[in-house]
Amino acid sequence: MGQIIMLLPLGVPILGTLLITNKKIIKDEYVTKFVAGVLIVNFLLVLNALFGNQMLQIHVLKVNDFLDIYFKIDQMTRVFSLLASVLWILTAFYAFEYMKHEQRTRQFYTFFTMTLAVILGVAYSGNLFTLYAYYELLTLCTLPLVIHTGTEEALASGKKYMIYSFAGASLVILGMMILYSITGTMTFTPRGIFNDIEGYDQNLIRFSYIAMFLGFGVKAALVPFHSWLPNAMVAPTPVSALLHAVAVVKSGVFSLIRITYFIFGASMIKAVDVTKYLIPFVVITVVMGSLLALHQDHLKKRLAYSTISQLGYILLGILMLNPNGLIGAILHMINHAVIKITLFFAVGSISHMTHKKYIHQISGLGKKMPITFICFTIAAVSLVGIPPTNGFVSKWFLGVGALNANNLFYIFILLLSAFFTAGYLFPVSVTAFFVNEKPNLEVQEEATLSDSLEPSPFMLFPIVILTVIIIGLGIFPNAVINFLGGVVADAF
Amino acid sequence: MQNSIKLVPLASIMVLMLSAFILPLLKKKSHVYRLALGMMVFVTVLNLMHVIYIAFNGGYLFDVGHFPAPFGIVLRIGEVESAIGLLFCFVNLMVLWYSYFSLEKEIKENRIGFFHTLDFLLLASLLGIVFTYDIFNGFVFLEVSTLAACGIIVVKDKKANIKAAIKYLILSSLGSGLVLMGIAFVYSISGHLSMSFIHEALVQNADGKHNLILISMILFTVGLGIKGAMFPLHIWLPDAHSSAPSPSSAILSALVIKAPIIFLIKIYYLVYGAQILAGTVVLDLVLFFGILGMIFGSLFARSQKELKRMIAYSSVAQMGYIFFAIGLGNKLGLIMAVYHIIAHAVTKSCLFLSAGSFIEQTGFKTIDEFKGIGKEMPVTLGIFTLSALSMIGIPILPGFISKWNLAMASIESGKILLLVVLIVSSLLNAVYYFPIIINGYFGEDNLVGKVFNSKIRPVRTLLPLIILSVIMVLVGLFSGFIIEFIGRGIYI
Amino acid sequence: MNTLVYILILPLLGAFIGYYIGTKNEMKRDLFNIVLTAIELLLVITLFPAINDQAIEYMVPNVMGTGLHLKVDMLRYAMLFISALAWFLTTMYSTQYLIKKKNRNRYYFFFMLTYAMTIGVFMSENIINLFTFFEGMSLTSYALVIHDEDKYSHEAGKSYLAMAIAGGLVMLFGIFLAFDYTGTLDIEEMGKILPNLGDIKYVIALLIMFGFMIKASVFPLHTWLPKAYTAAPTPSSALLSGILLKTGLFGIIIVLVEMMNYDMPIAVLLYCLGLVNIFLGGILAMMQRNIKRIIAYSSMSQTGFMLMGIGLVGILGKEGGLALSATILYMINHAFFKILLFMGTGIIYMILGELSINKISGFGHKKQKLKAFFLIGVLGLCAFPGFNGFVSKTLLHEAILEAYHLTHHHFFKITEYFFIIGGGLTVAYMLKLFVAIFMEKNSDFYGKYNELVHKRALIPMGILAGLIVFIGVFPNAILTPLIRYAEGIGFDAISHVVIYSSESVIYSMMSLLIGVLIYQLFIQRKLYVKNKTGGAYFNPSLGWFSIETDLFEPVLKMLYKVFSFLFTLIDNWLLFTAKILADGIKSISNVDIVTSIDREFKSVPLGASMMLKGLKSKKDALKNIEAKVKINEALELDLVQGQTSKLKELIVKGHSKMTSISNSIFLFGIVVVFCFLFVYVMG
Amino acid sequence: MQILWNNYMIVGAIFLFGIGFMILLLHNNLIKKIIGMNIMDTSIFLLFVSLGYIKGKEAPIIIEGILHESGYVNPIPTGLMLTGIVVAVSVTAFMLALTIKLYEKYGTIELDEIQQLRGD
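Residue numbers (our numbering), protein chains in the order written: chain A, 1 to 492; chain B, 1 to 492; chain C, 1 to 683; chain D, 1 to 120.
Please note: incorrect hints may appear among the correct ones.
What the hints assert, rightly or not - The following label-pair restraints were derived from C-beta to C-beta distances:
hint : chain 1 : residue 1 : chain 2 : residue 2 : range
1    : D       : Leu-82    : B       : Leu-292   : 36 to 42 Å
2    : A       : Phe-492   : C       : Phe-563   : 33 to 39 Å
3    : A       : Ala-405   : C       : Asp-199   : 28 to 34 Å
4    : C       : Val-562   : B       : Ser-454   : 31 to 37 Å
5    : A       : Ala-156   : C       : Asp-199   : 54 to 60 Å
6    : B       : Ile-22    : A       : Leu-15    : 35 to 41 Å
7    : A       : Ala-405   : C       : Pro-265   : 48 to 54 Å
Claimed, not checked - Taking lysine to aspartate or glutamate and the DMTMM-like style, the derived pairs with C-alpha atoms no more than 20 Å apart in a straight line are:
hint : chain 1 : residue 1 : chain 2 : residue 2
8    : C       : Lys-71    : C       : Glu-258
9    : C       : Lys-158   : A       : Glu-102
10   : B       : Lys-371   : A       : Glu-153
11   : B       : Lys-305   : B       : Glu-360
12   : B       : Lys-156   : D       : Glu-104
13   : C       : Lys-579   : A       : Asp-28
14   : B       : Lys-156   : B       : Glu-484
15   : D       : Lys-105   : B       : Asp-368
16   : B       : Lys-158   : D       : Glu-110
17   : B       : Lys-159   : B       : Glu-360
18   : B       : Lys-371   : A       : Asp-28
19   : C       : Lys-441   : C       : Glu-319
20   : B       : Lys-375   : A       : Asp-28
21   : A       : Lys-367   : C       : Asp-148
22   : B       : Lys-159   : D       : Glu-113
23   : A       : Lys-159   : B       : Asp-368
24   : B       : Lys-29    : B       : Glu-104
25   : B       : Lys-331   : A       : Asp-65
26   : C       : Lys-318   : C       : Asp-180
27   : B       : Lys-159   : D       : Glu-58
28   : B       : Lys-159   : D       : Glu-110
29   : C       : Lys-413   : C       : Glu-402
30   : A       : Lys-367   : C       : Glu-26
31   : A       : Lys-357   : A       : Glu-102
32   : A       : Lys-160   : C       : Asp-583
33   : C       : Lys-413   : C       : Glu-354
34   : B       : Lys-156   : B       : Glu-306
35   : D       : Lys-105   : B       : Asp-207
36   : A       : Lys-62    : B       : Glu-484
37   : B       : Lys-108   : D       : Glu-113
38   : A       : Lys-159   : B       : Asp-445
39   : B       : Lys-450   : A       : Glu-152
40   : B       : Lys-415   : A       : Asp-65
Treat the hints as calculated values from the structure; they're not laboratory data.
All of these numbers come straight from a predicted model, not from anything done at the bench.
Cβ coordinates follow ideal geometry from the N, Cα and C atoms, glycine included.
Please put together the full structure from these sequences, using the hints given.
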């Protein structure tokens, strides 16, 4: 019985999607309420999966030992599913308001809910085959969201997103094939499936790990395959906020953690010594992301490049192969998700209210939209890693992890990139608050300068809650850290 | 009852032959349809029971007319033959059921009877090829199938049809000529025509006649290669498929090019046997043509303008997969060849029928004109997408299963580099299927001026398509059972 | 115990409540702020008896992961006291000063936040908390620096923030290393482990001190100071130079004393940097015309003195007690007279809105009260006997002599002379300032503006002046608790110190004399240009090589350009190659191919055919390419150009031809032959 | 060369097959192609029948009475070739029908002309 309940979080969103599609059952005005209901129910289900501590697992379809859809809950699943469902609800509220002036909202909500089901699938998957199946489905059901606006440019960026994702997926398949031919099993077992180090063909394992790392790296915006992310910014803000800051890229990172610590195992990777091939990619991602963000004048593009650089942090944390590094990576996964989604929401509400997309246009806007910009600044401060906020906590663990791997170069890279992060985030809030030449609000000419342009409570409410979470996680991080202790216990 | 089930293969051929000649006698169109469908349902049910029987009791030899082996014609019925037989009957039933609604739009009124006759003859000869254990008998059935296939191409007498038919007939008769010459050489060595006796003769005195065996093997390969659309010899396929009416192009692509391959496999492993085969390089030749087919088939498909020609070239690519599987030479490879025949038959017929209904409803031919068709015929494009996804290799669907196991087989046979070929070709598949789907469903300018559900076909006409796609998904889901079932009957 | 937490939380809450009240009514908010800072001052004062005998600590569990660990000993208490006093006085002062300025509410909000952060820095024992408050302080003080929102303040704010964050990150690097080697985050425990770590400890010390050095504007990292102080509104620049400068020095003391316990090489380094700061600050201060800039450079040179004091603490080792208390006293005194001077300039700026000496010379001639307070401030700064500056300078001087006796190293003898000359420099630029503003006679300022100088602005200056004189006259009141603290933390007992001894007075007279000499000879002669309307100072140092604009910026810009070019290349290498490939194929496919030449003649229009008769005979010669080329040149007529068709069309036509029946049979033949070859060759 | 000499039958058949193929390949006229195909088929039948031939034995046709069973040539290949001939004839018939249809549609059965016409 427990297992059926375990499957519910996956089933409910899919059921919701099917219901949304036909107009008769869900009339147009009930769509948003229905979506909210589905998401909240799903959140409760994920919560109850959180507290049951026994190892729930279920083979939905086991044909042969390779082709089986196998779901298992462990600490890592809980972390990712909780993060995803919380942020999904907040984005839903934000989207209800934001999508008012967009068209084809029904199609948007269908794929919006379906993506949640797929993300939870990725979180719950117990073996690499299920993970790969959901990973492919993720591309398919996020594609319509990316090309939602339907313009020529959106189609082009959708095409590019597709090409990158499928190339990545085929790399992953390549790696999986070789792995399966060596080991014959692909279920996630703590500390990896290779119990003894020798007895396996070293360079086959090395080749398979590199292939899978780069394959999943495409979704985690690793350097050579990252340029789909800035282009995907053409999507409406809730999409680019949720998907390209949280869901899609994090599923890439989540799967990397899965294969590194639950398939190959840290000891095997150390033995095979494969990280020295991958570190250059990661380092370039970190520095390049933040440096190029300095160039972008378009707000969302700047945040996109910042995502690339922050994901590089997480990958660095994974490749450190020590407990502190892993905690730092997962913590940064959570913190970055929360911070980046706040930044995107703030940028979204700016463009929603004043149709301004460029930094030079938003001078003096801070006085009109104080709450939005305050939250933006707090999130920016946290992303740079200034102590009282949560960004610092994860940078702290990443730093300590780097030291355990006795590699000072990582810390230098982390701090250099933190400096660039300050370089591209603070000017935004400075121009908003402190630059005071007359803001040319041609749109709201008749609106007197004094009245505030704050977005409606639906949009503001998620932003404020997320900022509170940022500060709360920053000041009381211990709760999260010992929650992650469980994950590290599995991995090492 | 126990041994009467063994009559099924011969009975189904006989019944089809007889009803083929009764059909033209009927005057009214509805009588023809009712009789044809009735016969088909009857034969399919027979085969279904036969497969179940085989599943429990395994294969057997059946002497036609109780004449013992060397002289009488013997039918060898194993797991593979019964499965393929069931597949052929089922697909033919679905295609006929589909054509029940749309045939009169493509063919003149009085030709419908002839179409069904030719179709039954074709099916009978295909079943004959699959079941027969005597190579000359196989040759005769081969000839009958060629003429019948030419017939159903020409039944719609337009300029392109006739030209395509002539080209197909000339090339096929060339092929049959080579096959006959091959039979002549094999007969000269062994003095027998029944496969088992030839095999024993070849094994005893194979030493002296080495290059005769080699020549005959090449002749068989090239001869049957033309009929099975091996890559360089596939030129007749695109013209034949694109000009023929959609039901017949579905039959052509799904069944007609499959039977010769089964015959080729039987000749390789039942006549020559694995040892002699391993001694020669013929399998590498087949592998080479398979790889060429996979890559260039997709490349040509990408550059096609018309929808049906594109799908035709995709068949060439998929046949490339089958020849690749045979060329690997190990047991898993052969099993995957048979499995891919089943998967491809179901998927391709689905694709051709949905493409046919597009062309029939909109009257357009080229892919660009099908932009925004998703709005007008959502369900049909949905089915088209599902089968396209299987082609591309989305997990759980059959396409992925066969790609995955092919990779395992190629690793088993030690040729790791072939993985890259597999990956590249599945990527190329995606390249030419996705634009149709994306432009069908999304894109601002694609959907302009398209009325929702305007060109929909009534649901009952779509029923066969829906059943086909459901079966396709089931073939994917229960691939484990199918592979294991085929594995029991494979010839190595 | 929890008074420490109250002291920390009060200004934090006050900031928010003040902002809320501010939106309602300005007057109420000013009153609220003054009352708040007054309470804070009282709370700090009540702490004194407890601190006097031994340090008090308080631990708030698992805030910020590591818990908030607050500790106040005498050193920290001194810092707390001056910041509480300074904030109280500047709040009173700024309520009057800011009337003309806009968005005051935001100003007070960040004003109070900086106050909370500074208190946090002085109180925190855990290095992470120290770092947190330190970073918070730079961010909130940034808002104070760019309060005027004009181009100049933005430029100053940018370099201030950039250096603050860079410093913070380097410090974080040091903290990482310290945590890795010592395993603990408490400064005291670190102090036990770090000293015996081998040469890595110098790397850690320097990295951590880097952040503090920026805030203390030590030599190479001082470039932000003059810009930030002049750009900021006067009360905040007073606090910036009075208190925030001290946080930097406080950090350096913590690292040297508590973490590294008097490590000799670091002490010597600080000592030399102090010297450099003194001279650089002094010379540049002399050159300036803007009075705020003069005082800014003067704080840089005073920091030099304090750095020398800290260095001496390290050098003297066990006997460093006196040097430590001298440095702390110097920091207290410097806070008082620096804030006083800034308040003075604030009043001038408030009234005239102008800061350059040439424009405001003679303003203060008739303003008796302002003149008196300003004079006390100047004398305090110049270490005139009887004022607090004299006390701390003589103590420092004693420490240098003691260091000389201890090490018998001539280096200290020379640095003692530099010490005196440095004092002289201070006197020189202070004279320049005072004489120009208060001594010059300037008719158009007679009697005017007296009523504008309000009581609320003058009271704080009066209190400060009183304190300066009090410490000057009764130094032991402050000195004895400091000395007891120094003995408390392990220095040797300090014999009774005589301040007003004869040779100390002689030394201060000597530096005064040098100052006057420099003023007469250099400033009057060189910098003062006589022209018909009277004199005007000019500032030669504008053209000088300034580290920031000539060294840091060009290097950083170049690096930035190189790397961004490299990364943009990496960024779209995939698109780049794809585009090149696509263009390549496209260009190949539509290269023009001249098809057969003979057809061309058939299509020649009739008129031209007569002309071509003669050429017909050569028709068959045209088959080869060379002939064709020659014939083209020969035919200057506008002959119909050879029927050209794109290669692409050729391929498509070829393809359709290729799939015709006869060609497919041909292909079949080729494949059969190929198969035979393949099998036999490979077989 | 000795092998070629003593199974001249196969060589002849292959040679005839080559001629048929060349006709099929080079002539544009459809009828000539059909003739070429027939020649190829007959060459194969010749090869097949020649396999059954035993020197000095007669064809298995009953003229007077049945000779001793060893007197006859191996009958199986000849029997098989009956079917082969039937197949070849039906293919030729079908081809000729298609040629007529082609003529109706294109007005010519010269394949290169059809090629140009079809250039649409």
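Hints, one by one, checked against the model:
no.	hint	result
1	D/Leu-82 with B/Leu-292: 36 to 42 Å	holds, 39 Å
2	A/Phe-492 with C/Phe-563: 33 to 39 Å	holds, 36 Å
3	A/Ala-405 with C/Asp-199: 28 to 34 Å	violated, 22 Å
4	C/Val-562 with B/Ser-454: 31 to 37 Å	violated, 59 Å
5	A/Ala-156 with C/Asp-199: 54 to 60 Å	holds, 57 Å
6	B/Ile-22 with A/Leu-15: 35 to 41 Å	violated, 51 Å
7	A/Ala-405 with C/Pro-265: 48 to 54 Å	violated, 30 Å
8	C/Lys-71 with C/Glu-258	holds, 13 Å
9	C/Lys-158 with A/Glu-102	violated, 39 Å
10	B/Lys-371 with A/Glu-153	holds, 17 Å
11	B/Lys-305 with B/Glu-360	holds, 17 Å
12	B/Lys-156 with D/Glu-104	holds, 15 Å
13	C/Lys-579 with A/Asp-28	violated, 44 Å
14	B/Lys-156 with B/Glu-484	violated, 42 Å
15	D/Lys-105 with B/Asp-368	violated, 30 Å
16	B/Lys-158 with D/Glu-110	holds, 18 Å
17	B/Lys-159 with B/Glu-360	holds, 19 Å
18	B/Lys-371 with A/Asp-28	violated, 27 Å
19	C/Lys-441 with C/Glu-319	violated, 51 Å
20	B/Lys-375 with A/Asp-28	holds, 19 Å
21	A/Lys-367 with C/Asp-148	holds, 15 Å
22	B/Lys-159 with D/Glu-113	holds, 14 Å
23	A/Lys-159 with B/Asp-368	holds, 16 Å
24	B/Lys-29 with B/Glu-104	holds, 10 Å
25	B/Lys-331 with A/Asp-65	holds, 19 Å
26	C/Lys-318 with C/Asp-180	violated, 29 Å
27	B/Lys-159 with D/Glu-58	violated, 51 Å
28	B/Lys-159 with D/Glu-110	holds, 15 Å
29	C/Lys-413 with C/Glu-402	holds, 11 Å
30	A/Lys-367 with C/Glu-26	holds, 19 Å
31	A/Lys-357 with A/Glu-102	holds, 17 Å
32	A/Lys-160 with C/Asp-583	holds, 18 Å
33	C/Lys-413 with C/Glu-354	violated, 43 Å
34	B/Lys-156 with B/Glu-306	holds, 19 Å
35	D/Lys-105 with B/Asp-207	violated, 55 Å
36	A/Lys-62 with B/Glu-484	holds, 14 Å
37	B/Lys-108 with D/Glu-113	violated, 29 Å
38	A/Lys-159 with B/Asp-445	holds, 16 Å
39	B/Lys-450 with A/Glu-152	holds, 18 Å
40	B/Lys-415 with A/Asp-65	violated, 23 Å
Checked against the numbered hints given earlier, the structure breaks hints 3, 4, 6, 7, 9, 13, 14, 15, 18, 19, 26, 27, 33, 35, 37 and 40 and satisfies all the rest.
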